[in-house]
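Between the sequences and the hints, there should be enough to build the whole structure, so can you do that?
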Amino acid sequence: MPEPRHPPRHAIDKAPATPDDEHPATLDACRRCTLWRNATQGVPGSGPSPAPVMVVGEQPGNQEDLEGVAFVGPAGRLLDDAFERAGLSRDSVFLTNAVKHFKWELRGKRRLHKTPAQREIEACHYCLEDELERVAPRTVVALGATALKSVLGAKAVSLRKVLGQPIEHEGRIVIPTWHPSYALRVPDHAAREAAFEDIVAALKLAAELSKGKKRR
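Per the UniProt record's numbering: the sequence shown ends with 216, consecutive numbering throughout.
Hint data in this document are derived by calculation from the structure and do not stem from the laboratory.
Incorrect hints may appear among the rest.
As the list claims (entries may be wrong) - List of simulated lysine-lysine pairs, DSBU-like, C-alpha gap at most 35 Å:
{"hint": "1", "residue 1": "Lys204", "residue 2": "Lys161"}
{"hint": "2", "residue 1": "Lys155", "residue 2": "Lys211"}
{"hint": "3", "residue 1": "Lys109", "residue 2": "Lys155"}
{"hint": "4", "residue 1": "Lys114", "residue 2": "Lys204"}
{"hint": "5", "residue 1": "Lys155", "residue 2": "Lys114"}
{"hint": "6", "residue 1": "Lys114", "residue 2": "Lys161"}
{"hint": "7", "residue 1": "Lys161", "residue 2": "Lys211"}
{"hint": "8", "residue 1": "Lys204", "residue 2": "Lys155"}
As structure tokens, then:
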């Protein structure tokens, strides 16, 4: 397994920042925020292009950061279960994150997730916009509040208020639901199952609406 990359301090200090109005040629060249400094690598989206359904998460986790592939950790495995329940093939969906570098803090020997700041979400928004234009999904499933804010270009959203409700935005239908990591960390079994069912329902709805079917 690859080890997390920690660039030399002199390399960090001398690396120029990417101007806010400039889009880097590659994800690894991006310096629009500072998350790249402690990440092993940027994690791009993956999947067919075009694709009828896009799923957007918050950011790569520890495993994704090491492997360079989105949704391969515990949350990704739960998402695979949700795909199966919803009758969707993972290979038919474009998977990505609102933020492309892993933000973390060290606790003991573990790298634990930290929620991206608004400025970091905005710095990475150009990349999500590029993916949306290239993939041209009819429906977008936003996993969690960070993903929803990025997809809608909003500074504040209440996920609970719009959970599972289709939102028309810029010619697409956005369906907000929980991030699988939320379902994993909820201590109550019933609440955990309910969150998982919400994710499955959002994926089912996205699949139906991507085919032009009306909501029942």
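To see whether the hints hold, each was checked on the structure:
no., hint, verdict
1, Lys204 <-> Lys161, "holds (20 Å)"
2, Lys155 <-> Lys211, "holds (30 Å)"
3, Lys109 <-> Lys155, "holds (33 Å)"
4, Lys114 <-> Lys204, "holds (29 Å)"
5, Lys155 <-> Lys114, "holds (18 Å)"
6, Lys114 <-> Lys161, "holds (24 Å)"
7, Lys161 <-> Lys211, "holds (26 Å)"
8, Lys204 <-> Lys155, "holds (28 Å)"
Of the numbered hints given earlier, the model fails none.
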